[in-house]
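*Asks:* Starting from the given sequences, assemble the full structure and let the hints guide the process.
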Amino acid sequence: MSNPKIVPVILAGGSGTRLWPISRDSLPKQFLSLGGTRTFYQQTLLRVPAAGDSVTAPIVVTGEDFRFFARRQAAELGIDATIVLEPARRDSAAAIFTAARIAAERYGEDSLVLALAADHLVPDVELFRDALLAAAEVAAKGYIVTFGIKPTEPRTSYGYIRTGEALGVAGASRVDSFVEKPDAATAERYLAEGYLWNSGNFIFPASLMLAEAERFEPAILEGVDAAIGAAKTDLGFIRLDKSAFLTIPAKSIDYAVLERTKKAAVIEGRFAWSDIGSWDAVRELGPVAEDGNVTHGPVSLLDSRNAFVHSEGPLVTGIGLDDITIVASDDAILVMPSDRSQDVKNLVAGLKAEKRNEANEHIRIHRPWGTYETICRGDRFHVKKIVVEPGATLSLQKHHHRAEHWVVVKGTAEVTQGERTYIVNENESTYHPVGEIHRVANPGKIPLELIEVQTGSYLGEDDIVRYEDIYNRA
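With the UniProt record's numbering applied, the sequence shown covers 1 to 474.
By construction, these hints were calculated from the structure, which means they are not laboratory data.
A portion of the hints provided could be inaccurate.
[Stated by the list, open to error] The calculated lysine to aspartate or glutamate pairs, modelled on EDC-like cross-linking and capped at a C-alpha distance of 20 Å, are:
| # | residue 1 | residue 2 |
| --- | --- | --- |
| 1 | Lys-141 | Asp-124 |
| 2 | Lys-385 | Glu-373 |
| 3 | Lys-445 | Glu-428 |
[Said to hold, decoys possible] Label-pair distances were calculated between CB atoms; the ranges are:
| # | residue 1 | residue 2 | range |
| --- | --- | --- | --- |
| 4 | Leu-315 | Asp-343 | 23 to 31 Å |
| 5 | Ile-375 | Arg-270 | 45 to 53 Å |
| 6 | Ala-170 | Glu-468 | 57 to 65 Å |
Where is the CB? At the ideal position from N, CA and C, for every residue including glycine.
*Replies:* Set out below in structure tokens:
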């Protein structure tokens, strides 16, 4: 094939706990904007199409819980992405092998798979595209080409690449070795010796990756092929077979292939890049005031310097802060010395061990039909604000332990109760007793907002018996 297709593959299944409390398992950083106009996932999608006429529509590999985020945010950009759902997290090797197999079947074994993390920031889009075209030229010759970034400082939070023999394309060379995240002294030496940061983004011929997978990790590839072979299409998503996928060992693509193959190459990217892997990295995105402070959201500081304060909820005030980071959401606040941002992941692990709901979920919970958020709750009551998007419908359901009272505050609700369907307008209400089958839909053109008051002896979200659901959750 003289001009192989470039197949963008967006890896969008991560949890992003290092940016807690803003990023959580229920809504991780790739689907957040953190103050920008586009989410990181959307910026990644937009980074690729203008790279050339040979670029295909993207393949997105993500998890069950994120499928509607992935589709909706791509559709907002007018992008028709193929979305592949992993039944469980098995690290990046399984995701990459899956994407390579699908790309080979759709576009030919010589197609070039461009694997991109969904949660990285690359503001210099044109420079990235220049590097992409050079990397594609090298990949077409039979290499797995990683995008290496010229370091700007001795970072200890990134892996590094030692370059080897030049490959005849500007900025391209063989990989002599991949090295793990170094300590500070080693990072200084790597910087002096011309090592590159390992961005974790790369391009390769589909056939080459599959051959190396067969050579190094046949068990992972066998599980991937079985999961693809028994996959089902569900509401337009490709749902990999669960029983086959669960047999796959969890392993990163670095350990599975990149650090073992003799076909690894690197292209030096001159573009700015960050994996947004900590609050330190987010701090670097914001404008710095004369006192060294960086703030976002409702923040007011007095006699403070070199502070980073990010609020997406309440007003945050501070007096006499010095090298302190504060991050506030609606239901959780993180306070730490600014040099401890790498410890946030350990903090979240502790919260999960304590079974704190704040570790995983936000107050506002996203569903295929819209959102709901807690206003207040007690032992026998729970008050929520529910927003149903135009044309959306909740499942036909009942509850064994709770009754529900709905008050419409905006829009029009089409309510089903038992055998009866009726309209509830603004400033009107309806009541569903325990055990009553019911449903709400939004037949209007604007979002439907209602207040739901639940009362009963048990108010858990698992007290739902679904009879019908357009999102196949019944």
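*Asks:* What hints, given by number in increasing order, does this structure fail?
*Replies:* 1
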